[in-house]
Structure formats: structure tokens, C-alpha cells
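Each chain is listed here by its residues.
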Amino acid sequence: MDWLTKFPTMETATLRDLRKAIDDSFRSFTRAWGDTFEWFFEPLRIFLIQAERLMLNTPWPIVLAVIGLIAWFASRSWKITGFAVVALMVIGWFGMWDDTMRTISMIFVCTVVAIAVGIPIGIVMARSNRVQAVVNPILDVMQTMPSFVYLIPVVMLLGIGRVPGVIAVVIYAIPPMIRLTNLGIRMVDKDVLEAADAFGSSSWQKLKNVQMPLALPTIMAGINQTIMMALAMVVIAAMIGVQGLGQPVLQAINNQYFSIGLFNGFAIVCIAIIFDRVSQAYGRRLQKHLEIVHG
Amino acid sequence: MADKPAIGIEIRKLYKIFGPNAAEMVARVENGMTKTELNEKHGHVLGLRDINISMPAGGIQVIMGLSGSGKSTLIRHINRLIDPTSGEVVVGGEDVVKMNPDQLREFRRHQTAMVFQKFALLPHRNVLENTVYGLEVQGVDRASQVKSATMWLERVGLKGFEKKYPNQLSGGMQQRVGLARALANDAPILLMDEAFSALDPLIRVDMQTILLDLQKDIRKTIVFITHDLDEALRLGDRIAILRDGNMVQQGTGQDIVMNPADGYIQSFVEHVNRGKVIRVSTVMKQGGAGEGLASIASDALLDDAARQLIASNATHLQVTDAAGRPVGTVDMAAITRGIFPAGGGQI
Ligand SMILES: Nc1ncnc2c1ncn2[C@@H]1O[C@H](COP(=O)(O)OP(=O)(O)OP(=O)(O)O)[C@@H](O)[C@H]1O
Ligand SMILES: [Mg+2]
Chain Z
1 MDWLTKFPTM
11 ETATLRDLRK
21 AIDDSFRSFT
31 RAWGDTFEWF
41 FEPLRIFLIQ
51 AERLMLNTPW
61 PIVLAVIGLI
71 AWFASRSWKI
81 TGFAVVALMV
91 IGWFGMWDDT
101 MRTISMIFVC
111 TVVAIAVGIP
121 IGIVMARSNR
131 VQAVVNPILD
141 VMQTMPSFVY
151 LIPVVMLLGI
161 GRVPGVIAVV
171 IYAIPPMIRL
181 TNLGIRMVDK
191 DVLEAADAFG
201 SSSWQKLKNV
211 QMPLALPTIM
221 AGINQTIMMA
231 LAMVVIAAMI
241 GVQGLGQPVL
251 QAINNQYFSI
261 GLFNGFAIVC
271 IAIIFDRVSQ
281 AYGRRLQKHL
291 EIVHG
Chain D
1 MADKPAIGIE
11 IRKLYKIFGP
21 NAAEMVARVE
31 NGMTKTELNE
41 KHGHVLGLRD
51 INISMPAGGI
61 QVIMGLSGSG
71 KSTLIRHINR
81 LIDPTSGEVV
91 VGGEDVVKMN
101 PDQLREFRRH
111 QTAMVFQKFA
121 LLPHRNVLEN
131 TVYGLEVQGV
141 DRASQVKSAT
151 MWLERVGLKG
161 FEKKYPNQLS
171 GGMQQRVGLA
181 RALANDAPIL
191 LMDEAFSALD
201 PLIRVDMQTI
211 LLDLQKDIRK
221 TIVFITHDLD
231 EALRLGDRIA
241 ILRDGNMVQQ
251 GTGQDIVMNP
261 ADGYIQSFVE
271 HVNRGKVIRV
281 STVMKQGGAG
291 EGLASIASDA
301 LLDDAARQLI
311 ASNATHLQVT
321 DAAGRPVGTV
331 DMAAITRGIF
341 PAGGGQI
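In order, the protein sequences belong to chains Z and D. Following our numbering, the numbering of the first sequence begins with 1 at its first residue and continues without gaps. Following our numbering, the numbering of the second sequence begins with 1 at its first residue and continues without gaps.
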């Protein structure tokens, strides 16, 4: 009755060989292609370093003023702008200014990459049901696979550092960007699309004049979610060498410094609230003309 | 304005069947299978069956029918927003069905413009930017776009609303934007799918008046869809009636009111005010021109003739043709018989 109480498994040797085969082939792949990948991601590395340098080398009053202005022009709300400025000042007063700047620059780069990659994929997905059928399960896997799992191959390929960190964050944070771009375009009123067709629009003209502008509020919701998810990855990214607010949290875990963890955690929450409220308010303003106020 | 000469539309043997094996179903439909049978036995929807119609250049062709009779399907074949299952749609000598995608795009840009029942304006663009859309797509330079759009917005009575967004306008105003957008395109063919159906009755009559006034200048070939007989009779130089995808009658408004082809059309025209449809020439007595009588044009409506007869305090009116020559006479009895036919449904 042994076979009933113990689940039948394949031979231990076979399993070991299988694992070895996969690991070996990936290792040789890494050896053969690691340099190529590094070369490929070099522009990303430069972008990251430049963004970080800009945030750190600019005098803090200017950074504060610029963030305040962006918050104001995006949201047109004194409440949100005031919160952003005061929160950053408190963070700075608690000695977390530099780490905050590093994190903001990292989130900025991740968001830019997610937009640059995600929107085109979303557009292609919206145009073809077949592409949608292929991409959707991939996105499901990306969203449910624990991020530590895909950290392993990324680190094997690119080592420890900023670039693999950003890649891991983008993999985790890009699905809503793609999904909501796809959804936004597919939801565009088909009467309006028909009108664009009737006037002889090319598919590029339709995309540019009708689909993208009308999908924009949905795409903005995607950007918002992507930012939030990227922020949720700050601590995990710190494990593979991304500097910023995540690293003190890691140290705090290792050394049981409750207060450090708490302060940095609050800083992350504040940044999240700022990004969230500003981008949502901006999205709402974009939507103003879509509401029906008159019969 | 209407620089391009008007062009006619010729539709021949047009079939449209919706469903996966549409092409195979044509033969069945040709052999007389009905819409219901086709749907029940083969799961295909008959959109249009053997439509033949010739729409003259520069006139208003109305297409009428109840909901689901295939009006929208038919009008969308003219600019091929819907591909036919078989048949020809010849516009200005060219078969739209045979055009490749590039030719079709050019055709839509320059030969046709369309006005939609639900307006279909771009909600993120203001009135001016909506109106320039067709010209923008054509690649016309910005100054000409704005000039033309401003002119047409003024013609439809929307001067001063250029910077408003569609959601800030009433339905009637939105549809005027739709009309200006179509007219700015300067295409010889104007397609209007229930363009006024979503509007309140009074605004609807306003829009009809605007359209008729404009048409005096622009002389476009207009295809106008409606399910409202009064609208059809007021606008249509010619009227075609669809039922379940079949063309059941074509003719002038008067033809249709005087000689409805079957009970279906009879039920449509029963309650129409015939005095506003039938013309004097139909009921007048030929020859015997009376000297000294007040005269009325032979294409005047019976309503107007009756009014004039009462005003002139005579028993007869002299009927004159387009050149002013006397061609006959008409009296109140003839007019009354025209308006209230024997056995008609009128009370
Ligand atoms: N894409 C489609 N697939 C299947 N059937 C369709 C499709 N489009 C239209 N039909 C059918 O074709 C018939 C004619 O539809 P159409 O929209 O042309 O009617 P209509 O006369 O414009 O009606 P309405 O007054 O409601 O606008 C209807 O039975 C409709 O269900
Ligand atoms: Mg319709």
C-alpha cells in the first residue's frame, strides 16, 4: 500500500538529470550571451545613472519646486500639491532625501520603460485577437509568478546591480500597462471608429486621432497601476543591488532596527500616495470631455 | 462650394447575407428562400436581397423602411463600410466593390461624406477640430481646413461655437456639427443614416429645412435614410422602400402615396397628409384653359391650390406649366378627391 500513501514520483536520478540539464543549458546560454545582453541593456544603464545623477545633483529646493509644479499642473489641486511638497520636506528632514531621490529616479525609469514597451504591445494586442490570445496568458504568468523566481535568471544573465533590478521591476509592473492599453483601445466607441473609416482615415490616422486619444484615460489608469506596482517592488529590487529606500529596509530586517524600517517604509508610502493622487487627478482631467453633460 | 460635378449611384443585383458561409447562401436566396427560413435553417441573416436602384446625380434619394429592414446595411455599401456578398455598386462609373484598400480610402476621402444617427463626433475634439476632420485626413493644409470648416459651421448656424466640445452641445447642435463636418469634405455624395432620427420633432423639422436650403446651393447626390414617412416625403426627390431586405417600391413621393405597391406600403401611407404630397398636375383637368382665372403652377401641392382657390373666391384655377403656359384647370372637387381618395383610410 506504499503507492497510496506516497505520491508516485519519477526516479530521483531522472529528476536530478533533468534539473542539471536545464541548469547547464541555461548556464551555457548565460556564458554565451551574457555580454550581448549587457551590451543591449547598456543604454538603459546610462539612462538610469543619468536620471539618478540628475535627481541627486540638482539642489534640493529646485527638485522640490519642480515636483510641486508637476503635481500642480497635473492635478490642479492645492491639496495634492501641498501634500506632495510637505511630505517630501518631512522625508528630507528625517535624513532620507538621497535615498528618496534614488527611488524616485528608479521608479521614473521603470515607468518610462514600461510605457515605451507596454503601449506598443498593447496596441498590437488590440488589433489582433490572435496576439491577444497569446499575450494574455504570458501576462498572467508574469503577474502570478513570485518575483524571486525570475530574479534568478535575470541575475545569472546580468549580475547584481541597477539594470537587472529595473528589469525585474518592469517585468512585475508592466502587465497592467499592456492590459489597459489593449482594453482602452478595444473599448473605443465603434460608431466613432466607423465615422473615422467613412472619412477615409488610414489605420495610422485612426490610431493617432481616435483610438489613442479616446483610450488615454484608460491608459493613464494603467500607468498609475504600473507605478504602484513598481513601488511595491522597491525592497525586492534592493536585494539585487538597486539603491534607494529599499536598502535601509533590508538592513533593518537583518539587524532588527524597527525604527529605520518604519521611517523608510513611510517614505515609500508617501511617494506612492503622491504618484497615485497626481496621476489619478491627471487621468480624471483627461476624461472631462468624455462625460456627457448635455443631452 | 460644390466644385465637383454631382455623380450618380447605380446599385445592381446587390445581395448581403451575414454569416460565415454567406457566399454559399446567395443561390438559396436567389431561389426564393425567405429571411426567416434562411435564419432558421442555416443560421444566416439576410441583409439585402437583389437590390437594384439608380440614384440620380444631384438629387435626394430617400431610403425608407422599418427597423431591421436593411437601410443601414444598404447605405453602408455605397462607401463600402460593409462588403457585399455579391453585386455591384457603381459610383460615378466606378465599381466600389472592386476597389483595393488604397483606392477605397481615396474614394471615401474625396467622393463621399457621411452623417450618422448618433452623431459620432470625436468627444476629445472641439467643434472646429471635429469639422476639419475630413480635410485633415485628406492632408489639406491647415489654413484651408480652418477656412472651410469656419464657413460651413456658419452655414449650419454654429458661428461662435467653434471652441465648444460636443458634450457641451444639445443633440440638434451636435448633429449640425456632424453635417458641417460632412459638408466641409466637399464630396459630391452625402450619405445620411437616420441623421435626424435622434432629434426632437421641432429640431428635426429645423434640420430638414437647413438641409433643403443647403441643397439648393450644393446640389449633391444625397442618400437619406429614415423610417419616418413625413420626413421622406418632405426631403425625397425619390423614395425607395425596403422590407426585410427586399426593395418593395421605388418612385417619387407622389407615386408611392397614390399607388402603394402592397398592403405594407399602404399601411405606411394611410395616415399621410396627401395635400402636402400630391401635386396639382395629378388631379387637374387637361386643356380648356379658362381666361381671367387666377393661375397656379402645375407642380404646386394640393394644399396650396386649395388655399389659393379659397382666397381667389373663384370656382376654378388655371394651371400653368414651368414656362407659364396654361395647361389645364383645377376645381375644389378635384382637389378634394385628390386629398380624400375613395375608399382611403382617412376619416
Ligand atoms: N453584422 C451583422 N451581423 C448579422 N446580422 C446583421 C449585421 N448587421 C445587420 N444585421 C441584420 O441585418 C438586418 C438589417 O439591419 P440594418 O441595421 O441594416 O437595419 P436598419 O433598417 O438600418 O434598421 P434600424 O432602423 O434599426 O437602424 C437586421 O436583421 C440585422 O439584424
Ligand atoms: Mg439603421
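Simulated from the structure, these hints should not be mistaken for laboratory data. These figures come from a predicted structure and were not determined experimentally. Heads up, some of the hints might be wrong.
Computed from the model, here is a short list of chain D residues facing chain Z with C-beta under 8 Å [said to hold, decoys possible]: (1) Asn79; (2) Glu106; (3) Arg108; (4) Met114; (5) Phe116; (6) Leu122; (7) Gly134; (8) Val137; (9) Val140; (10) Arg142; (11) Gly160; (12) Lys163; (13) Tyr165; (14) Ser312; (15) His316.
Computed far set for chain D versus chain Z, every beta-carbon distance over 12 Å [stated by the list, open to error]: (16) Gly58; (17) Leu66; (18) Leu104; (19) Arg109; (20) Ser144; (21) Asn185; (22) His227; (23) Arg279; (24) Thr320.
All residues carry an ideal CB built from backbone N, CA and C; glycine is no exception.
Hints the structure violates: just list their numbers, smallest first. Going through the list in order, the structure violates hints 9, 10, 11, 12, 14, 15, 18, 19, 21 and respects the others.
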